[in-house]
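There are 2 protein chains.
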Amino acid sequence: MQPKTASWHTLDEAIGLSPGEGDGHIGFTSPPYQNMVGPFGGVTAATLLNSIMIDQQRQGQPVSLTVHFAAPIEEGEFSVNAKAMRTNRSTQHWSTELLQSGKVAAFASAVTARRRDTWEATDAIFPDVPPADEVSVVSALSEIPWTARYEMRFIDGGPGVAANAEHPSLTRLWIRDEPARPLDFQSLTAICDAFFPRIFVRRGQRVPIGTVALTTFFHADSNLLQAQGTKPVLGVARGLNFGKGFFDQSAEVWSTEGALLASSHQVVYFKD
Amino acid sequence: MQPKTASWHTLDEAIGLSPGEGDGHIGFTSPPYQNMVGPFGGVTAATLLNSIMIDQQRQGQPVSLTVHFAAPIEEGEFSVNAKAMRTNRSTQHWSTELLQSGKVAAFASAVTARRRDTWEATDAIFPDVPPADEVSVVSALSEIPWTARYEMRFIDGGPGVAANAEHPSLTRLWIRDEPARPLDFQSLTAICDAFFPRIFVRRGQRVPIGTVALTTFFHADSNLLQAQGTKPVLGVARGLNFGKGFFDQSAEVWSTEGALLASSHQVVYFKD
Chain F
1 MQPKTASWHT LDEAIGLSPG EGDGHIGFTS PPYQNMVGPF GGVTAATLLN
51 SIMIDQQRQG QPVSLTVHFA APIEEGEFSV NAKAMRTNRS TQHWSTELLQ
101 SGKVAAFASA VTARRRDTWE ATDAIFPDVP PADEVSVVSA LSEIPWTARY
151 EMRFIDGGPG VAANAEHPSL TRLWIRDEPA RPLDFQSLTA ICDAFFPRIF
201 VRRGQRVPIG TVALTTFFHA DSNLLQAQGT KPVLGVARGL NFGKGFFDQS
251 AEVWSTEGAL LASSHQVVYF KD
Chain A
1 MQPKTASWHT LDEAIGLSPG EGDGHIGFTS PPYQNMVGPF GGVTAATLLN
51 SIMIDQQRQG QPVSLTVHFA APIEEGEFSV NAKAMRTNRS TQHWSTELLQ
101 SGKVAAFASA VTARRRDTWE ATDAIFPDVP PADEVSVVSA LSEIPWTARY
151 EMRFIDGGPG VAANAEHPSL TRLWIRDEPA RPLDFQSLTA ICDAFFPRIF
201 VRRGQRVPIG TVALTTFFHA DSNLLQAQGT KPVLGVARGL NFGKGFFDQS
251 AEVWSTEGAL LASSHQVVYF KD
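Heads up: the sequence lines are chains F and A, in that order. Its first residue numbered 1, the first sequence is counted upward by one per residue in this note's numbering. Its first residue numbered 1, the second sequence is counted upward by one per residue in this note's numbering.
Source of the hints: derived by calculation from the structure; they are not laboratory data. Watch out, some of these pointers could steer you wrong.
To be verified - Listed next, the in silico DSS-like pairs over lysine-lysine satisfying Cα-Cα at most 27 Å (straight line): (1) A:Lys103 with F:Lys103; (2) A:Lys103 with F:Lys83; (3) F:Lys103 with F:Lys83; (4) A:Lys103 with A:Lys83; (5) A:Lys83 with F:Lys83; (6) F:Lys103 with A:Lys83; (7) A:Lys271 with A:Lys103; (8) F:Lys271 with F:Lys103.
Please model the complete structure; the sequences and the hints are all you need to start from.
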């Protein structure tokens, strides 16, 4: 297991990996981050990213991460194997797999890169929302353990909070780890999957769903994440299209000061 | 090589694969789809998808595709190896690699699934643009061979066509293969990468760039693509954020009749 620090958090326990056979690592599913069925996908994604972050060969910081949720993950032990697919001067491409009983249950690819100061501009618009301390905290859902691991303040499109009048699949919320934890790439990855499924918001009812693939782009570098610290981030999520058994979700995560930290895109199976 | 049909097109030649060693396939870079340096990324993406489409084990239709452009692709031969990572009842997860001289130059992951009729809704809004035949065709760029493989009619944000006044990184265009070719998943994949780099539009100047990762979600099933046939599709692309050496691009591709066919998200390295 990775060394515990003074700031050790339930999330660090959940995504923690210890050396396994060969170059591989061993992890365990985390009861506190359990979803309705199986683990919260955000923690699976963060665990896969973590396997790259702790790899001795890694160069630079995460720029993109794509996670495939290939099969249900059973409670208990799993192994994770990360592999540098190609190392260039300033970028590195990664592949990593999560296995149970010798079969791939989830896998991911990622790009890490040396970030450097360049020309910059943000064309996405930071939404006009009240600050976090003016928005009520929503109670965790007792049947979904991982929801208690976050402090969530919904502006629209949340449990018991009406959908946006103009955009029926929109959710906006202030969110942070509960208890508070300084933001890093792993926790940001998990937060990018912490939006409730768009179809629940859009239809005002729950149907069976499961994310199949999730891509996150990291706009922030480690300095910007460090500056964010434990303050809540603003998450904005919406769907573009629902049909033929799948829907998509696009999300942005913003710093308290209005810097774009990450954008994230997923495709989700649904049954009706 | 795959069998040539009456409708055989330069694109089919470019993405064509013939059996190689073991389960692998062999392909060749295509001079007509050459970019400034190396092949047009859209054709590399379509070739990787094609390796899955022609696989005997494939079930269902593409739902998502993520391509990593890991290293420059040299002119000439390459091998492609597709692998079903996990096969479920209605979904299948794939991994595929493009190798040159034994090293991975590009790789991809994908989800294929049986599509079926379900509840449906489109929250993305089909933009208010003039029909294709009222928009001028832009001449291909002589220094970029692949641009001559498409008929492009820019509404805004194209070569010699002003950027949108409200959204400085926005491009909207009608686009189809040149000569016309019935739309399929492979050609739609290539079109999703046929937008000029957002930073060229945003800054009004060219800088060295290279896409590192590209994710495409397919909202259309094969019936909808078939109905589209050879008519031009509407592409809409914009960037959210530029900085620290990378920018992102999100795009939607719409049918002539206003059905969302695909949405696509990429992250691009740039130098300045």
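Tested hints:
1. A:Lys103 with F:Lys103: holds (25 Å)
2. A:Lys103 with F:Lys83: holds (14 Å)
3. F:Lys103 with F:Lys83: holds (17 Å)
4. A:Lys103 with A:Lys83: Holds: Lys103 (chain A) and Lys83 (chain A) sit about 17 Å apart, inside 27 Å.
5. A:Lys83 with F:Lys83: It holds: about 17 Å lies between the C-alpha atoms, which stays within 27 Å.
6. F:Lys103 with A:Lys83: holds (14 Å)
7. A:Lys271 with A:Lys103: holds (25 Å)
8. F:Lys271 with F:Lys103: Within the cut-off at roughly 25 Å; holds.
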